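Peer 1: The primary structure of each chain is shown beneath.
Number of protein chains: 2
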Amino acid sequence: MPTGRYNQKHQSKKMKEPQDYLQINLLGADEQRRRLSRIYDGMDHYDIDCALIRDNANIYYLTGRVFRGYIYIDRRGPGPFYFVRQPSTLRADRMDTMFHIRKPEEIRGHLDKIGVRSSANIALELDNISSSAATRLAGAFGMTAPSLNISPILRQARAVKTPAEQDKLIRSGQKHTYVYSRIPHLYQEGMRDIDLQIEIERLSRQEGCLGLFRIAGDEMELFMGNVLTGHNADEPSPYDFAMGGLGLDPSLPVGADGTLIKPGWPVMVDVNGNYTGYMTDMTRMYYIGELSDEARRACSLSAEICRTLASMMLPGTKACDLYTKATEMAAEAGMTEYFMGHRSHAGFVGHGVGIEVNELPVIAPRSRDIISSGNVIALEPKFVIPGIGPVGIENTYIVGSDGGRCITTAPEEPVSMD
Amino acid sequence: MPTGRYNQKHQSKKMKEPQDYLQINLLGADEQRRRLSRIYDGMDHYDIDCALIRDNANIYYLTGRVFRGYIYIDRRGPGPFYFVRQPSTLRADRMDTMFHIRKPEEIRGHLDKIGVRSSANIALELDNISSSAATRLAGAFGMTAPSLNISPILRQARAVKTPAEQDKLIRSGQKHTYVYSRIPHLYQEGMRDIDLQIEIERLSRQEGCLGLFRIAGDEMELFMGNVLTGHNADEPSPYDFAMGGLGLDPSLPVGADGTLIKPGWPVMVDVNGNYTGYMTDMTRMYYIGELSDEARRACSLSAEICRTLASMMLPGTKACDLYTKATEMAAEAGMTEYFMGHRSHAGFVGHGVGIEVNELPVIAPRSRDIISSGNVIALEPKFVIPGIGPVGIENTYIVGSDGGRCITTAPEEPVSMD
Numbered sequence: 210m211p212t213g214r215y216n217q218k219h220q221s222k223k224m225k226e227p228q229d230y231l232q233i234n235l236l237g238a239d240e241q242r243r244r245l246s247r248i249y250d251g252m253d254h255y256d257i258d259c260a261l262i263r264d265n266a267n268i269y270y271l272t273g274r275v276f277r278g279y280i281y282i283d284r285r286g287p288g289p290f291y292f293v294r295q296p297s298t299l300r301a302d303r304m305d306t307m308f309h310i311r312k313p314e315e316i317r318g319h320l321d322k323i324g325v326r327s328s329a330n331i332a333l334e335l336d337n338i339s340s341s342a343a344t345r346l347a348g349a350f351g352m353t354a355p356s357l358n359i360s361p362i363l364r365q366a367r368a369v370k371t372p373a374e375q376d377k378l379i380r381s382g383q384k385h386t387y388v389y390s391r392i393p394h395l396y397q398e399g400m401r402d403i404d405l406q407i408e409i410e411r412l413s414r415q416e417g418c419l420g421l422f423r424i425a426g427d428e429m430e431l432f433m434g435n436v437l438t439g440h441n442a443d444e445p446s447p448y449d450f451a452m453g454g455l456g457l458d459p460s461l462p463v464g465a466d467g468t469l470i471k472p473g474w475p476v477m478v479d480v481n482g483n484y485t486g487y488m489t490d491m492t493r494m495y496y497i498g499e500l501s502d503e504a505r506r507a508c509s510l511s512a513e514i515c516r517t518l519a520s521m522m523l524p525g526t527k528a529c530d531l532y533t534k535a536t537e538m539a540a541e542a543g544m545t546e547y548f549m550g551h552r553s554h555a556g557f558v559g560h561g562v563g564i565e566v567n568e569l570p571v572i573a574p575r576s577r578d579i580i581s582s583g584n585v586i587a588l589e590p591k592f593v594i595p596g597i598g599p600v601g602i603e604n605t606y607i608v609g610s611d612g613g614r615c616i617t618t619a620p621e622e623p624v625s626m627d
Numbered sequence: 210m211p212t213g214r215y216n217q218k219h220q221s222k223k224m225k226e227p228q229d230y231l232q233i234n235l236l237g238a239d240e241q242r243r244r245l246s247r248i249y250d251g252m253d254h255y256d257i258d259c260a261l262i263r264d265n266a267n268i269y270y271l272t273g274r275v276f277r278g279y280i281y282i283d284r285r286g287p288g289p290f291y292f293v294r295q296p297s298t299l300r301a302d303r304m305d306t307m308f309h310i311r312k313p314e315e316i317r318g319h320l321d322k323i324g325v326r327s328s329a330n331i332a333l334e335l336d337n338i339s340s341s342a343a344t345r346l347a348g349a350f351g352m353t354a355p356s357l358n359i360s361p362i363l364r365q366a367r368a369v370k371t372p373a374e375q376d377k378l379i380r381s382g383q384k385h386t387y388v389y390s391r392i393p394h395l396y397q398e399g400m401r402d403i404d405l406q407i408e409i410e411r412l413s414r415q416e417g418c419l420g421l422f423r424i425a426g427d428e429m430e431l432f433m434g435n436v437l438t439g440h441n442a443d444e445p446s447p448y449d450f451a452m453g454g455l456g457l458d459p460s461l462p463v464g465a466d467g468t469l470i471k472p473g474w475p476v477m478v479d480v481n482g483n484y485t486g487y488m489t490d491m492t493r494m495y496y497i498g499e500l501s502d503e504a505r506r507a508c509s510l511s512a513e514i515c516r517t518l519a520s521m522m523l524p525g526t527k528a529c530d531l532y533t534k535a536t537e538m539a540a541e542a543g544m545t546e547y548f549m550g551h552r553s554h555a556g557f558v559g560h561g562v563g564i565e566v567n568e569l570p571v572i573a574p575r576s577r578d579i580i581s582s583g584n585v586i587a588l589e590p591k592f593v594i595p596g597i598g599p600v601g602i603e604n605t606y607i608v609g610s611d612g613g614r615c616i617t618t619a620p621e622e623p624v625s626m627d
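So the protein lines, in turn, are chains W and C. Numbers in our numbering are just positions in the first sequence, counted from 1, shifted up by 209. Numbers in our numbering are just positions in the second sequence, counted from 1, shifted up by 209.
Any given hint might turn out to be false.
Same chains, same names: a pair is fine if it fits in one copy or spans any two.
Stated by the list, open to error - No farther apart than 30 angstroms at their CA atoms in a straight line, the calculated lysine-lysine pairs in the DSS-like style are these:
#1 K471 / K225
#2 K312 / K527
#3 K312 / K534
#4 K471 / K384
#5 K223 / K471
#6 K322 / K312
Think of the hints as simulated: they come from the structure by calculation, not from any bench. Treat the numbers as computed from the prediction; the structure is a model and nothing was measured.
Starting from the given sequences, assemble the full structure and let the hints guide the process.
Peer 2: In structure tokens:
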């Protein structure tokens, strides 16, 4: 540990008072309206009048903070209205838009009291909240069962990032890039994959990484990303990843498994870029000793696919066409067998990224997504080559009128850690 | 970083072959039967014939590993039957009990083919899976909507740990205790709460901590636990915690917020004890300079409440009686105002812990849980005292015939980091 890192002075010993209150909407009225209007467009399209939002990622999208509670939105009425269980310290600028509650059954009464007639058919986040929670919320609005699903509309809205969101992603990309630039300094002889990963995790945290890796859905579990080398990359995981890894324990069977980093073996680093609440996704290759020409060629191909797809990412492009192009380039190089995995193949070559790591659009063969300006997309055309290991890079791009602009700007060539 | 830590030798450069296959049931037949029989008892009680399990924590409970797929259980039929989406490498001892599938709609056909007549009314994990997922699974079994909920039965079954589970918890407690013993060596002058936390996270990971902090339900989010000092402990969080903390960012508003560690200020460490797939929960206090008598007295009171409650944890005891005893002891010491928080009070003094951090039983005023032999319970009678900060300890206990046996054995007194 570098001495002198912790150089703050002990000044007053007196303890600060905790804050009296916290603003519930950190976005400001304009930015919130911008996000809501995208959601209202979707509600309009599907003829949904009102919705109750509870998922942490969606609450964060609508307010810039996470709290425990609910947001009631109505595309034709006033609002949004906040129903807060915790923390008790939240305040809204307009007192008549926020209510502290103990349970969701109180929401309807508050709405009635302020003259907001909630629709008989309120949409819920059916992809995000448990079946029991959905049934309870439906009951709290007098319905026998949940019916309308607001989740796909929120997912679509969140796929196009506002300038303020793009700014957070750019700042995450900068931090992420800096951490990757330091990786060769973290390596020490004799390290296993997990040893290097732990040092990268620590440096990431020191640079402000929040650690939490938000994943939509309730199936996929990851800690802070993966460092893979050797045969371990070709161990299929429970998830739809090109790279697998046995992990350290069958309770979390993914990623580093304690494989020793050996000369000439590519080491693939794909760790959490959540520095701002919005996360970038970036993968780079590192090595000790000499890297084979075959590994270098595959890495160049991966970077070339990224560049080609980024230049094709024009608003209006079909996401599936990007996927097709990637597979064609892999096939031309005779690499089909290793593309997006070897013993187990991931079904996509890219994905939206933002508050969560698996957002829209999805760059996959049967994707119906159309690329839009403001999409933020991670491309990860990777290979697993038997006897060589995991090879390839991943970048995050912001889609503009002239294609994808890369915001994960570490050099794309394999980096020596010697 | 200590030199010589990474001392493995580069031997053969040849890459291992990945493993041909992995056993799906790592528990062995007897242990799995032991766990299933607890679940079948619950199904019997609620007249549920069969259930489909998908939640990662429950899959881990039933097999000792996480995979992406489903487990079909029938209290009167053969089985369990495994339906695996990923990884492709899983194998069962008896081939006719495991099927690789691409989607859950294939499950019923496989069951039909092997002569297992799935009930018209299959129970699902309605507290654990999304409303959309539950609807889809119900449809895959010919039902128009999900109806029976297996989640509470699994929660009850998992509340009583088998000897094999207790062994994993004991081993996590040992690692957890070792890491806490090293905390004074991690402190450097000028550190903020987050700086110390990062060093504890790193050491935890080096000692085998899996990092992942499993939490039941979809509301609570935490990274690797919390280090709190000063006024920050009295900042209410979105969750039902005695201690809060603003966190580093409003997207994860809990825990360390960058407060400088100052002489005389208690530093409360409550970080992830997941070393084996089963996690222990432990909190200890650290400080620099001199700690006030008031802080020491409150810490002693916390330890005394723990000891008293542990001795009361006899099978058959009402969980709510433990809570009452804790509040009485706090009141006798004139500490009611600060007990389980100050500006925000947690509604419990303890909770079950195991695969997830919030298991049964819950030690709370309205809890109907009854303490059973084999329960594993974390007790955390903590205080937040204005001008002093967070004070108290937390231990994890295994309930036996003579009360709770502590498995988080770090010394309970506040520890100087000077």
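Peer 1: Now, for every hint given, state plainly whether the structure supports it.
Peer 2: Here is how each hint holds up against the structure:
1. K471 / K225: between (51 angstroms within a copy, 12 angstroms between copies)
2. K312 / K527: The answer is between: 25 angstroms across copies meets 30 angstroms, while 44 angstroms in one copy does not.
3. K312 / K534: between (51 angstroms within a copy, 27 angstroms between copies)
4. K471 / K384: Answer is both: 28 angstroms inside a copy and 29 angstroms across each meet the 30 angstroms cutoff.
5. K223 / K471: So K223 and K471 pass the 30 angstroms test across copies only (9 angstroms; inside, 53 angstroms).
6. K322 / K312: within (17 angstroms within a copy, 46 angstroms between copies)
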